[in-house]
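Student: Each chain, letter by letter, is given below.
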Amino acid sequence: MATAATSAPSAGELRLQRRPLKQPSWWVRNERLALGLSGFIGLLIVWEAAVRLKLVRELFASSPSAIALTFVQEFQLRSFWEGVGVSVEEFALGYVAAVISGIIVGLIAGWYRRANYVAAPWIAAWYATPHIALVPLIILWFGIGLGYKVFYVFLVSFFAIVINTMVGVQTSELRYIEVARSFRARDMTIFRTVVLPGTLPFILTGMRLAATHAWVGVVVAELIGANAGLGFMINLNGRMLHTNVVMMGVIILGIFGIILSEGLSRVERRFEAWRPRVGADA
Amino acid sequence: MGRLQAIDVCMEYFQERTGSRLSAIDCLNLTIEDGSFVSIVGPSGCGKTTFLKIVDGLLEASSGELLLDGKPIKGPGRERAVVFQDASLFPWFTVERNVAYGLECQGVPANDARQRVRRFINMVGLQSFERHFPYELSGGMQQRVNLARALAVDPELLLMDEPFAALDAQTREVMQEELLNIWSQSRKTVLFITHAINEAIYLSDRVIVMGPRPGRVIADITVDIPRPRQLSIKRTPKFIEYEDQVWSLIEHQVKSSAEFSGQVASAG
Chain A
1 MATAATSAPS AGELRLQRRP LKQPSWWVRN ERLALGLSGF IGLLIVWEAA VRLKLVRELF
61 ASSPSAIALT FVQEFQLRSF WEGVGVSVEE FALGYVAAVI SGIIVGLIAG WYRRANYVAA
121 PWIAAWYATP HIALVPLIIL WFGIGLGYKV FYVFLVSFFA IVINTMVGVQ TSELRYIEVA
181 RSFRARDMTI FRTVVLPGTL PFILTGMRLA ATHAWVGVVV AELIGANAGL GFMINLNGRM
241 LHTNVVMMGV IILGIFGIIL SEGLSRVERR FEAWRPRVGA DA
Chain B
1 MGRLQAIDVC MEYFQERTGS RLSAIDCLNL TIEDGSFVSI VGPSGCGKTT FLKIVDGLLE
61 ASSGELLLDG KPIKGPGRER AVVFQDASLF PWFTVERNVA YGLECQGVPA NDARQRVRRF
121 INMVGLQSFE RHFPYELSGG MQQRVNLARA LAVDPELLLM DEPFAALDAQ TREVMQEELL
181 NIWSQSRKTV LFITHAINEA IYLSDRVIVM GPRPGRVIAD ITVDIPRPRQ LSIKRTPKFI
241 EYEDQVWSLI EHQVKSSAEF SGQVASAG
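So the sequence lines, in the order shown, correspond to chains A and B. So the first sequence is numbered by our numbering: it starts at 1 and just counts up by one. So the second sequence is numbered by our numbering: it starts at 1 and just counts up by one.
The set of hints was computed from the structure by calculation and includes no laboratory data. Nothing here was measured: the structure is a model prediction, and the numbers come from that model. Heads up, some of the hints might be wrong.
[Stated by the list, open to error] To spell it out: a stretch of chain A is covered by chain B in this simulated footprint if at least three of its residues, at any positions, have a beta carbon under 8 Å from a beta carbon of chain B; those stretches are: (1) 157-166; (2) 170-180.
[Claimed, not checked] Only part of the chain B face toward chain A is listed, based on derived beta-carbon distances under 8 Å: (3) Tyr13; (4) Asp56; (5) Arg78; (6) Phe129.
[To be verified] One-sided and incomplete, this derived list gives chain A residues near chain B with beta-carbon spacing under 8 Å: (7) Ala115; (8) Arg184; (9) Pro197; (10) Trp274.
Glycine included, C-beta positions come from ideal geometry on N, C-alpha and C.
All chains should be built: construct the whole structure from the sequences, respecting the hints.
Tutor: Here it is in structure tokens:
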């Protein structure tokens with residue numbers, strides 16, 4: 001009884017915050033990374049064991065060691081790197097276009113009431129439409145080359161940025177605007193010193209969501225119609241029962257996705273020095 | 001400079017929700033002499049804050065006239081600055097940048113601004129906190145920043161909108177005493193809005209008592225207690241007499257509105 005009571009953390013303990021007096025150790029600072037990584041490695045071990053013990057068939061499940069070998073082989077091939085390059089290019093062009101235009105449209109549609117009246121129905125309608133349904137149309141316009149994929153990636157990532165930016169501007173707190181007006185700030189100054197800082201967290205969240213959408217978009221577009229890229233590679237090897245190459249492709253996609261969202265959430269945190277951290281440390 | 005005259009100031013507005021007109025302030029007449037410290041007390045919803053916003057120029061009165069040193073008030077001006085209620089500092093700016101805000105809006109060159117900002121940060125006792133963000137400060141410290149931000153633009157009329165309302169009782173007393181110290185150095189005209197009767201008496205040359213909606217002046221009491229005032233004067237018979245006098249003016253209204261809300265609560 002007594003041990004059970006001490007081992008289970010009480011609500012008070014969970015909420016207890018300790019503020020560090022010195023730079024915490026590497027281990028403490030990277031606790032999140034370390035724990036995440038060990039869970040990942042654990043799964044790999046279970047997987048390998050299951051294949052070795054013939055609990056699952058290698059043709060369907062491949063195995064971590066076979067995939068690792070595939071990595072080594074493929075990394076030496078020029079064609080592999082060209083495929084990666086194609087996917088990254090599609091992503092970068094579509095995503096950057098979506099970020100730039102999404103922020104601009106979002107700021108305008110959030111700040112100017114009348115612009116919002118005009119744009120909001122379109123944004124809502126386009127966001128609610130499953131973009132994948134437009135693929136046949138887009139292929140009709142662009143063929144299955146770079147243009148189609150960039151446009152599709154743009155389409156799937158644009159709205160997350162527009163909507164977040166717009167909401168950010170619209171939720172600018174009136175009391176801060178009032179303070180600014182009292183100090184005779186001009187509209188542009190209010191925009192720069194009140195609206196934009198308040199909106200930045202929303203924009204960054206939109207960018208993070210959009211990056212994930214965009215990366216999925218790259219793969220979807222390549223699965224449907226392509227002759228190069230990671231999605232194409234997966235599709236082709238799947239048909240030829242090269243499970244290990246498929247798995248490798250999926251892993252690369254996953255790693256890239258993690259790097260993207262992790263990198264962007266780091267940027268998010270950097271820009272929010274002014275906000276107190278919330279949430280449990282444990 | 002800094003003489004404020006309010007002549008027959010009325011504030012009415014259309015309430016969209018109920019579709020009716022609401023009279024917030026009814027024919028308010030008031031003159032505040034240059035360099036004096038005047039408080040307005042009154043029950044919640046009597047239009048105190050509305051009046052302050054009209055004086056600041058954030059709201060336009062429906063009728064009547066407001067003159068500052070004889071010139072009509074049209075919109076916010078550099079000769080007025082507001083110390084707002086709690087949580088009005090820009091959370092994304094440091095203390096330094098918050099205090100500099102008014103100067104930034106006026107286009108004061110960065111070098112001049114930096115010196116003035118430092119001076120006022122020192123004046124409110126926040127040196128070494130320049131680079132902190134508001135959330136890292138206590139409520140009392142945040143309101144010091146708020147005060148410094150208003151003082152930095154060197155206004156002739158300082159408008160204070162219940163600046164200490166959210167502070168705990170002890171901090172509040174300390175802030176009152178410090179406010180008087182700072183005020184005695186500059187002798188700006190101050191219009192101070194508060195709920196707290198004892199705060200109003202302690203700080204002010206005159207206490208204006210406003211009645212419930214529609215707001216109007218129901219008493220204008222001159223506080224004849226010599227300055228500088230220590231916090232200990234709050235326990236002198238004379239001070240308590242003033243408190244009783246103001247409270248007797250407000251008591252009836254507060255009680256009736258409390259009863260009213262009690263009825264609403266029990267009916268609901």
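Student: Determine for every hint whether it applies to the structure shown.
Tutor: Status of each hint after checking the structure:
no.	hint	in the structure
1	157-166	violated (count 0)
2	170-180	holds (count 5)
3	Tyr13	violated (16 Å)
4	Asp56	holds (6 Å)
5	Arg78	holds (7 Å)
6	Phe129	violated (14 Å)
7	Ala115	violated (23 Å)
8	Arg184	holds (5 Å)
9	Pro197	holds (4 Å)
10	Trp274	holds (4 Å)
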